[in-house]
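All chains should be modelled from the sequences, with the hints used to inform the complete structure.
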Amino acid sequence: MGVPALGAIGGTGAWLGGAVPDDGGAAVTEYGVVAALRAVNPDPAIGGTGVRQVTGTGSQQGYSLWVNELAPGRSHVFRAYARNAKGIAYSEIRTFSTTGQNAQQDWRMLHLGTTANAGQAADAADPDADGFSNATEFALALNPKRWSPDGVELTRNGARLELKYRRGTVAQRDGTSVKAEWSADLVDWSREGVEETLQSDDGTHQLVKAVMDAGTAVRRFVRLRVVVPAE
Numbered sequence: 168m169g170v171p172a173l174g175a176i177g178g179t180g181a182w183l184g185g186a187v188p189d190d191g192g193a194a195v196t197e198y199g200v201v202a203a204l205r206a207v208n209p210d211p212a213i214g215g216t217g218v219r220q221v222t223g224t225g226s227q228q229g230y231s232l233w234v235n236e237l238a239p240g241r242s243h244v245f246r247a248y249a250r251n252a253k254g255i256a257y258s259e260i261r262t263f264s265t266t267g268q269n270a271q272q273d274w275r276m277l278h279l280g281t282t283a284n285a286g287q288a289a290d291a292a293d294p295d296a297d298g299f300s301n302a303t304e305f306a307l308a309l310n311p312k313r314w315s316p317d318g319v320e321l322t323r324n325g326a327r328l329e330l331k332y333r334r335g336t337v338a339q340r341d342g343t344s345v346k347a348e349w350s351a352d353l354v355d356w357s358r359e360g361v362e363e364t365l366q367s368d369d370g371t372h373q374l375v376k377a378v379m380d381a382g383t384a385v386r387r388f389v390r391l392r393v394v395v396p397a398e
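Read the sequence shown against this note's numbering and you will find it ends at 398, with the numbers running on by one and no gaps.
You may find that some hints are simply not true.
No more than 25 Å apart at the CA atoms, straight line, and that leaves these computed lysine to aspartate or glutamate pairs for DMTMM-like [unchecked claim]:
| # | residue 1 | residue 2 |
| --- | --- | --- |
| 1 | 376 | 352 |
| 2 | 376 | 355 |
| 3 | 331 | 355 |
| 4 | 346 | 329 |
| 5 | 253 | 197 |
| 6 | 376 | 320 |
| 7 | 346 | 369 |
| 8 | 346 | 295 |
| 9 | 331 | 363 |
| 10 | 346 | 368 |
With beta-carbon atoms standing in for the labels, derived distance ranges [unchecked claim]:
| # | residue 1 | residue 2 | range |
| --- | --- | --- | --- |
| 11 | 169 | 370 | 26 to 32 Å |
| 12 | 222 | 390 | 34 to 40 Å |
| 13 | 287 | 320 | 26 to 32 Å |
| 14 | 250 | 295 | 30 to 36 Å |
Worth flagging that the hints you see were computed from the coordinates, not collected in a lab.
Think of the CB as a built atom: it goes at the ideal place given N, C-alpha and C, for glycine as much as any other residue.
Structure below.
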C-alpha cells in the first residue's frame, strides 16, 4: 500500500489514511488505520499491544479517517491497511507527534476547522441552530453542524424522577462536567439528593441514569448542567 497519508494533527487525534493502488483481484471490504505510541509499539498491527484501530468508508484512490484517543504531545506510529477476501495488506509505517491541544480543541478542529474559541466555533455559538451550544455539543459528543435530538429521557417512577442521558466519553476524560440538577422555580437549582450511575460506555458515549425525589410541589424541573474546563 506504500506510504500512508498524514493529515491535520491535534492533541488527542489526527487524520490518518492511505490508498490501495492494487487490490490483488478482490474487492476491498474494509479500509482502516492502526496507530500506537512509538515507545509502546513501533510496529502497529490489528490486535497489537497499545494499538488504536479505526475503520471507515473509503476508496482505493484514497481515504482519511479521524483517529482519536491518542496521547497528547507524544510520538506515534501508524499504518493504513485494507482487507479483502485474500487477506490484509498494510502500508509502510509513518511517524507523527500529537500537539499539546486538549480534547475540546481537537473536537473543534474535527468539526469546525479551527481550534479557536471564536466565531462559529465559540463555546456559546450554535451553528446548526438546534438549541445546543458548541460547549454542550462537545460535552455530549454530538456534531455541531447537524441538528441533534436531545437524547434525554425523563420519567416518573412513584415518588422518584429518573433522567437518562448520554454524555461524551472523551469530554469526561478531559475534565468536562455533565450533571443533572433540579429546580422548583427555574431560578434556584440544586443537586441535593441526586444519585447518578453509569449504565454503559461504548468509548464514544456514556449512558447515565440520574435519580432524584419528585418532590411535593406541583412542578419540578430537571436540567443538565455542562461545565467545560477553562482554556
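Find the hints from earlier in the document that the structure breaks and name them by number, from lowest to highest. none
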